[in-house]
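Engineer: The listed protein sequences derive, respectively, from chains W and L. Every letter in the first sequence is one number past the one before it in our numbering, and letter 213, counting from 1, is 213. Every letter in the second sequence is one number past the one before it in our numbering, and letter 100, counting from 1, is 100.
Don't read these hints as lab results, they were simulated from the structure. Keep in mind it's a predicted model, so treat the numbers as computed, not measured. Treat the hints loosely; a few may be bogus.
[As the list claims (entries may be wrong)] What follows is a list of derived Cβ distance ranges for each label pair:
(1) L:Pro173 <-> W:Pro110: 36 to 42 Å
(2) L:Val92 <-> W:Val167: 46 to 52 Å
(3) L:Val78 <-> W:Pro2: 40 to 46 Å
(4) W:Asp25 <-> L:Val261: 58 to 64 Å
(5) W:Arg68 <-> L:Gly61: 48 to 54 Å
(6) W:Ser57 <-> L:Val261: 55 to 61 Å
(7) L:Val270 <-> W:Val167: 30 to 36 Å
(8) W:Ala72 <-> L:Val78: 31 to 37 Å
(9) W:Gly199 <-> L:Arg274: 33 to 39 Å
(10) W:Leu106 <-> L:Val78: 27 to 33 Å
(11) L:His85 <-> W:Gly8: 54 to 60 Å
(12) W:Arg7 <-> L:Val92: 51 to 57 Å
(13) L:Val243 <-> W:Ser140: 47 to 53 Å
(14) L:Tyr99 <-> W:Pro110: 40 to 46 Å
[Said to hold, decoys possible] Residues on chain W that point at chain L, a partial pick, calculated with CB under 10 Å:
(15) Tyr13
(16) Lys47
(17) Pro54
(18) Glu95
(19) Val96
(20) Gly100
(21) Arg101
(22) Leu102
(23) Leu109
(24) Ser111
(25) Ala114
(26) His133
(27) Ala135
(28) Thr138
(29) His218
Ideal placement from N, C-alpha and C gives every residue a C-beta, glycine not left out.
Letter by letter, the chains look like this.
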Amino acid sequence: MPVIATRGATVSYGGRAVVRGADLDVEPGEAVALMGANGSGKSTLVKAIVGLVPLASGSIELFGTPQRRFRAWRRVGYVPQRTGAASGVPATATEVVSQGRLAHRLLGLPSRRADRDAVGHSLAEVGLADHAHCAVDTLSGGQQQRVLIARALATEPEILIMDEPTVGVDAETQAALAAVIADRVDAGCAVLLVTHELGPLTDRLDRAVVLADGAVVHDGSPPRPVGEHADPAHEHMHPHPSPHPHPEPDAALPRLPFERPNDEPADDTWGVQ
Amino acid sequence: MSLDLSLFEYEFMQRALISALVVGLCAPAVGVFLVQKRLALIGDGLGHIAITGVAIGFLTGTAPMWTTLATTVAASIVMELLRSHSKTSGDVALAMMFYGGIAGGVYLTGIASDKGVANLHQFLFGSLLTAGWTEVWAIAAGGAAVAGLMLVLRPWMSAICADEQYARVAGLPVAGLNLLLLMTTAVTVSVSMRAVGLLLVSALLVIPVVTVQQFTRSLRATMFGGMAAGLLIAGAGVTASAVQDVPPGATIVLIGVACFVATAAAASLVRRARRTWRRHPPPTGEPLEVEIPTKA
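Make a model of the complete structure from these sequences and hints.
Structural biologist: Here's what the structure looks like:
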């Protein structure tokens, strides 16, 4: 039984189809990347899977249950696409990560030891144990992103759905997160990762689904970087060499002397007579 | 000081003090979530609607508190339905509440002209001469219910206010909690109108919270600190109001604003001093706290 199964999923915003008939399966324990250029509909498809945007047609099943009737959200860990974990009022990293345990708690009852342990453990897993009592708005962008990932981990999910978790995060943090996610994959957690670039996180993937213009154009082994892109030291910069790196002065044009001759008065520099 | 204490030998002053303290305690408990949700003006909106509720009380000859409670709770339900189900932006809905609430209140008070406008004033800016003990106990019960609910539901409320989309994916009853938040705001507005008045009630929702959050790091501390600050501000305001014989709403809010300005100045001084004392600049870039597994 697949963890996620979408069949002909179509999502439209104001009559314009953003996702068109997408079929996507994620099996238990499988790590899948959902890739595509900006605007290809990958984030929208993920939002439809977690129920944040309605389907125009098609169907989505989570753990074999139609998504509309799915209630076991504690089996899903979700990292939304966003910048920052801060809100209008200060909150500590522990408080934000504790939100991940609410799916396990009964409304109005205090947290139990298992909840607090899971929160502490997830913070340690993303390397923020020392920052547990820091206000999230004082953390860096990469640290805030790690707080949001720790929140999803604290749910102890069977599938981790992450929407562009590494946008604007430095390379070291990306590598660190790759290790955290690899651990969860090894522990049997399925992963659905939305990304538009190949990076440390994509090394451990079993499969990649590529969307273009809302439709699935590739479903199979993850694309491998080729040529110079495969070089780990490759920088994502493309300096285009100029055809004339050092242009020679053109002898045919009149040369303007910029040094003022010693005998000329300063007023006459521009020769306005 | 002896003057201040002797004032509270009057029974009306005891009633005024109790209702103000209840409001000072419960308003920031709700307000912290409204500030977190960036809905700080909703208290003003419901306060304006409540003016219509008071006028309905005048017109029908029932106690204004109950008609206000019914009107604001109904308005909060409509508001939440509008917010979640329609394309109307929150701004427009809020603007309609502002205009419609005041206009409705003035119109209905005009119809009930005999006991009209002079009376309305005490609901707009608060009054020390509250009704009898029964109303004070109703205020205390309402305030205690609000504060208790917010304290018990703090993690859930904070989750829906900080990141509603995440809360929905976590399977929380987001619609119900949103409705509960607006309804408790409505109750807070209704129990606050005697002490601070309907036009100023929003100040007690917001000021204590934004005052203490300049020094706090956690939501928990902000909530408890805000409640304590609200208690102090409301108590000091009622006392000052009695000494000077002015509407308590005005003194409570002025003391609150003064506290906010003073703490904001102090907080910025503290920050500047810390920067100066620390000779070296803080480290740029973020140290890597996770060990990267070395690849073979």
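Engineer: Confirm or reject each hint.
Structural biologist: Hints, one by one, checked against the model:
no. : hint                              : result
1   : L:Pro173 <-> W:Pro110: 36 to 42 Å : violated, 18 Å
2   : L:Val92 <-> W:Val167: 46 to 52 Å  : violated, 33 Å
3   : L:Val78 <-> W:Pro2: 40 to 46 Å    : holds, 43 Å
4   : W:Asp25 <-> L:Val261: 58 to 64 Å  : holds, 59 Å
5   : W:Arg68 <-> L:Gly61: 48 to 54 Å   : holds, 50 Å
6   : W:Ser57 <-> L:Val261: 55 to 61 Å  : holds, 57 Å
7   : L:Val270 <-> W:Val167: 30 to 36 Å : holds, 34 Å
8   : W:Ala72 <-> L:Val78: 31 to 37 Å   : holds, 33 Å
9   : W:Gly199 <-> L:Arg274: 33 to 39 Å : holds, 37 Å
10  : W:Leu106 <-> L:Val78: 27 to 33 Å  : holds, 30 Å
11  : L:His85 <-> W:Gly8: 54 to 60 Å    : violated, 28 Å
12  : W:Arg7 <-> L:Val92: 51 to 57 Å    : violated, 39 Å
13  : L:Val243 <-> W:Ser140: 47 to 53 Å : holds, 50 Å
14  : L:Tyr99 <-> W:Pro110: 40 to 46 Å  : holds, 44 Å
15  : Tyr13                             : violated, 13 Å
16  : Lys47                             : holds, 8 Å
17  : Pro54                             : violated, 12 Å
18  : Glu95                             : holds, 5 Å
19  : Val96                             : holds, 7 Å
20  : Gly100                            : holds, 7 Å
21  : Arg101                            : holds, 8 Å
22  : Leu102                            : holds, 6 Å
23  : Leu109                            : holds, 9 Å
24  : Ser111                            : holds, 8 Å
25  : Ala114                            : violated, 15 Å
26  : His133                            : holds, 7 Å
27  : Ala135                            : holds, 4 Å
28  : Thr138                            : holds, 8 Å
29  : His218                            : violated, 26 Å
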